[in-house]
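Colleague: What follows is the residue order along each chain.
Number of protein chains: 2
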Amino acid sequence: MSKIDFSKVLVAQGGGPTAVINQSLVGAVLESRKFREVERVYGAFHGVRGVVNEEFADLTQETTHNLELVAGTPSSALGSTRDKPDLKYCQEIFKVLQAHKIGCFFYIGGNDSSDTVRIVSQEAKAHGYPLRAVHIPKTIDNDLTVNDHTPGFPSAARFVAQAFAGANLDNWALPGVYIGVVMGRHAGFLTAASALGKKFPDDGPHLIYIPERPFVVEKFLADVKATMDRLGRCVIAVSEGVCDENHTPIAEKLAKQVERDDHGNVHLGGGALADNLTDLIKEKLGFKRVRADTFGYLQRSFVGCVSDVDQREAREVGEKAVQYAIWGDRDGTVTIHRTGFYSVDYRLTPLEEVAAKTRTMPDEFISPCGSDVTDAFRYYLRPLLGSGMPDAYRLRLARVPKILKGQG
Amino acid sequence: MSKIDFSKVLVAQGGGPTAVINQSLVGAVLESRKFREVERVYGAFHGVRGVVNEEFADLTQETTHNLELVAGTPSSALGSTRDKPDLKYCQEIFKVLQAHKIGCFFYIGGNDSSDTVRIVSQEAKAHGYPLRAVHIPKTIDNDLTVNDHTPGFPSAARFVAQAFAGANLDNWALPGVYIGVVMGRHAGFLTAASALGKKFPDDGPHLIYIPERPFVVEKFLADVKATMDRLGRCVIAVSEGVCDENHTPIAEKLAKQVERDDHGNVHLGGGALADNLTDLIKEKLGFKRVRADTFGYLQRSFVGCVSDVDQREAREVGEKAVQYAIWGDRDGTVTIHRTGFYSVDYRLTPLEEVAAKTRTMPDEFISPCGSDVTDAFRYYLRPLLGSGMPDAYRLRLARVPKILKGQG
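One line per chain: the protein sequences are Z and P, in this order.
Counting from 1, one number per residue, gives the positions in the first sequence under UniProt numbering.
Counting from 1, one number per residue, gives the positions in the second sequence under UniProt numbering.
Please keep in mind that the hints were generated in silico from the structure rather than gathered at the bench.
Check each hint, because a few of them may be wrong.
Said to hold, decoys possible - Listed next, the in silico BS3-like pairs over lysine-lysine satisfying Cα-Cα at most 27 Å (straight line):
#, chain 1, residue 1, chain 2, residue 2
1, P, Lys402, Z, Lys34
2, P, Lys288, Z, Lys84
3, P, Lys34, P, Lys8
4, P, Lys219, P, Lys198
5, Z, Lys84, P, Lys405
6, P, Lys405, Z, Lys284
7, Z, Lys8, P, Lys405
8, P, Lys402, Z, Lys125
9, P, Lys402, Z, Lys84
10, Z, Lys288, P, Lys84
11, Z, Lys253, P, Lys34
From just these sequences and the hints, can you work out the full model?
Modeller: Listed below in structure tokens is the structure:
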């Protein structure tokens, strides 16, 4: 295989947007522009779909100043796609890379995107085309293997923690049952992040249900009742992907219509799970004030809730990808490894170790009861949330003796 | 009537919590504590319910430092209630005030709460009991008459604007139809605030539906189709309280079960409206990617999204209430009046002018098409959102000529 020609570099963004995905984009673009080998940095519109359609922007013509402002803007600045390329699709990608003499391909995305990079990398090798292909990690689900955590997750986790901190205060003021449904099809990390909104011992969420443990309706109802009996209120965090003992998603079980995306995944959005759980509690337990929210797109796209640690790391994985590509000798995926409390380092990991694999929450992060997290999880997550986390304070209520009711 | 004895002052919080309701509480408490006439400042737990149950905390025993921290914490620190007292209930309130020799009663809340203050005030007069009763405004709905705006609304509006700014970016990256359902039973102010998340001319929300205009399903579908045809994507803001031409709430029309609260109001929460509108678009227009979120409790309780202007004003209405009570000669409600761009002043307004009345959006704030806001509304709302609003930036995409597809 001849030497790689780095004069044209391509970067694209795939999958669900995150609060910091543009940090990775800008990290890759600015770092590429530092290398004299690189003449042009292209960006593909809407991920791999833009690649096969040859829809490229010349990011070499962007000002550094605007790139820095875009880096701080959430969601995918190049646009994204839900396409999950098969071999034929990847062959199309490869043809376009070849036609445009692209020597280096960076794809920012989750496990599906890393699989795309893996297939394109193989395709290039099979054709003897000198290509360097590097995957840059991103997913709010935090479900990439090898990585300690993935860029995008800390900011989404921060949103969830702050949302539950507020929901808990609201529920304290107007007691009842509150359910917050959080994104997470197979991995419960984001739902578990709700626990970081707790401060005082009786704070919610009092119950946390994640896909890693079977969701048993009877146990759920017993948990809610026990919490209501104890505190007169109950705040619940539930993953949209919770399943029963037979691995049937509760959302699918209760939903009337089932919608599937191009990956064959059932669409778990909408408020159905929240509303059905609400009805269940009202019917079976008789509590009147039961409220439920589905956090939906807010948790991944809300402008103005971001972890500075996440921003920094998302920027660095973009930069490191370029360094590994140009100074290194192999394709791969940039992975994040924790080295201290709190520090990280980056490595280039073979694509096969991450591609199309899903990581779920380890047992040590889940309480034996199955509906709470451990201190090990808090220790894991807290530094990722970054600086300036809001804090909640309470009145220390000194009771005044009753007069009419005659109590002391 | 004898002279008012200010030695015991009572403050309570009613209705839905807001991001800044504790600023008003702390403003009233700290200002009361400055007056040498005041010996004890009581707080009632859970609003008027705590009053009738004689559940009081002695806030004179709170440290100033902790009060300041509580002021910055969202939701009602004393707890709240949905009780809407009738005459009998108000007589109970009055009996307790009398028994505890309370000379001054401050109630922080919306139009229902101001009506409670009005009835209690009349009851005291009828009994010749020297009481000073002052209502302190609060509501995210912004629906109090006389006021330019109400504390709590600016912070909730900021959340909605930021949420739509993010949803718009997400929808740009992964095009389709996005619906965000916003709180607002009769007044569309909070839903209209979504317009403040727009920056570029093609930004969403592209369509805004508020209760002040009839929601006609056919027009809605035509609006969505026209936007999709024009931009290939569509972001929609809808008030939970939108009604058809016969004033039937669309949520009630489409919902299977109807839940009413103690005020006889239909509960509009849950994801039903969002999901039903989603189904409508899919069925009638055939668009596949239609997503909807109900912002629910996040918009009023999210920790970490607050307007500094709102904080300041909420604090001041609490302080002014005490000054009007002690230095003034009548009961009333503190009202906010705009005096410049941007400055406000406060007045004590007769309770009858605000109590149990509802203000909706004036025509000058609504576009003639009925599904957008005017610049007059933007001019009205922008200063309320406060400093440090996040801003979104875009790449200026310089297209690269196609090679395989042979286009220039």
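Colleague: Could you work out which of the previously given hints the structure breaks and list their numbers from low to high?
Modeller: 6 and 11
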